[in-house]
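Number of protein chains: 2
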Amino acid sequence: MARVVVDVMPKAEILDPQGQAIVGALARLGFDGVAGVRQGKRFELEVADTVDDVVLENIAADVLANTVIEDYTVTRVQVSS
Amino acid sequence: MARVVVDVMPKAEILDPQGQAIVGALARLGFDGVAGVRQGKRFELEVADTVDDVVLENIAADVLANTVIEDYTVTRVQVSS
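Respectively, the protein sequence lines represent chains A and B. Counting along the first sequence from 1, when you hit position 28 you're at 28 in my numbering, and nothing is skipped either side. Counting along the second sequence from 1, when you hit position 60 you're at 60 in my numbering, and nothing is skipped either side.
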């Protein structure tokens with residue numbers, strides 16, 4: 001089995017109201033110095049060793065991310081037999 | 001400014017119905033070989049250089065994560081003046 005991480009973030013040109021809300025909350029709570037926050041999703045997948053990078057790209061692009069408004073990165077973090 | 005990534009994932013002993021739904025969806029869509037998925041959150045913060053690691057820990061533990069059911073990791077990914 002292999003461990004794969006897919007990070008999905010809103011594209012830079014897309015407004016992120018969740019992130020903006022967190023910036024405001026941090027300021028109200030007294031955490032100064034945080035200029036920006038963007039919130040996305042992180043998926044940790046356990047996949048069989050037969051799953052190649054092309055399939056992982058398809059999973060990320062077709063199922064996990066909405067590529068109209070989100071960017072994604074696929075990273076293999078660990079391979080053990 | 002420094003770029004900081006905070007990853008928040010459900011603790012291993014916590015059920016993750018979102019992740020389980022994704023496993024089922026992938027199987028129905030013909031993506032075989034995915035044994036498990038866990039879904040969490042990824043936060044990308046732009047913070048001033050004056051914000052030290054203790055403050056970042058507090059931000060992650062008190063605001064971004066619910067430490068009863070979630071684990072978090074704080075990673076500085078880039079420091080530029």
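Calculated directly from the structure, the hints in this document are not laboratory data. Hints may contain errors.
[As the list claims (entries may be wrong)] Okay, the calculated bits of chain B under chain A, using three or more residues with CB under 8 Å as the criterion: (1) 21–33; (2) 50–57.
[Stated by the list, open to error] Distance ranges between label pairs, derived from CB positions: (3) B:I69 with A:T50: 31 to 37 Å; (4) A:V55 with B:E57: 20 to 26 Å; (5) B:A61 with A:T75: 21 to 27 Å; (6) A:T67 with B:A48: 42 to 48 Å; (7) A:A61 with B:G24: 17 to 23 Å; (8) A:T75 with B:L29: 28 to 34 Å; (9) A:V63 with B:R76: 26 to 32 Å; (10) A:L29 with B:D71: 18 to 24 Å; (11) B:I69 with A:Q20: 20 to 26 Å; (12) A:T50 with B:D71: 28 to 34 Å; (13) B:G30 with A:Q18: 29 to 35 Å; (14) A:A21 with B:R28: 15 to 21 Å; (15) A:A12 with B:I14: 29 to 35 Å; (16) A:T50 with B:A48: 44 to 50 Å.
On a predicted model such as this, the values are computed, not experimentally measured, just so you know. Where is the CB? At the ideal position from N, CA and C, for every residue including glycine.
Consistency of the hints with the structure:
Three residues within the 8 Å Cβ limit are the bar, and the stretch 21–33 of chain B against chain A gives 7, so the coverage statement holds. A stretch counts as covered by a chain when three or more of its residues have a beta carbon under 8 Å from one of that chain; for the stretch 50–57 of chain B and chain A the count is 3, and the coverage holds. Under the hint 31 to 37 Å, the C-beta atoms of I69 of chain B and T50 of chain A, about 33 Å apart, fit the expected range. Against the hinted window of 20 to 26 Å, the Cβ-Cβ separation of V55 of chain A and E57 of chain B comes to about 37 Å, which falls outside the hint.
Between A61 of chain B and T75 of chain A the CB atoms are about 25 Å apart, so this pair conforms to the stated range of 21 to 27 Å. For T67 of chain A paired with A48 of chain B, a C-beta distance near 33 Å fails the hint of 42 to 48 Å. The hinted range of 17 to 23 Å is satisfied by A61 of chain A and G24 of chain B, whose Cβ atoms lie roughly 19 Å apart. Separated by about 22 Å at the C-beta atoms, T75 of chain A and L29 of chain B break the suggested range of 28 to 34 Å.
Roughly 31 Å separates the CB atoms of V63 of chain A and R76 of chain B, a value that falls within the hinted 26 to 32 Å. The hinted range of 18 to 24 Å is satisfied by L29 of chain A and D71 of chain B, whose Cβ atoms lie roughly 21 Å apart. Against the hinted window of 20 to 26 Å, the Cβ-Cβ separation of I69 of chain B and Q20 of chain A comes to about 25 Å, which satisfies the hint. At about 29 Å, the beta-carbon gap between T50 of chain A and D71 of chain B stays in the expected band of 28 to 34 Å.
A hinted range of 29 to 35 Å for the beta carbons of G30 of chain B and Q18 of chain A is consistent with their spacing of about 32 Å. Separation of A21 of chain A from R28 of chain B is about 34 Å and departs from the stated range, judged on CB atoms against 15 to 21 Å. Between A12 of chain A and I14 of chain B the beta carbon distance is about 32 Å. The supplied range of 29 to 35 Å therefore holds. Separated by about 47 Å at the C-beta atoms, T50 of chain A and A48 of chain B satisfy the suggested range of 44 to 50 Å.
Violated hints, listed in ascending order, are 4, 6, 8, 14; each of the other numbered hints is respected by the structure.
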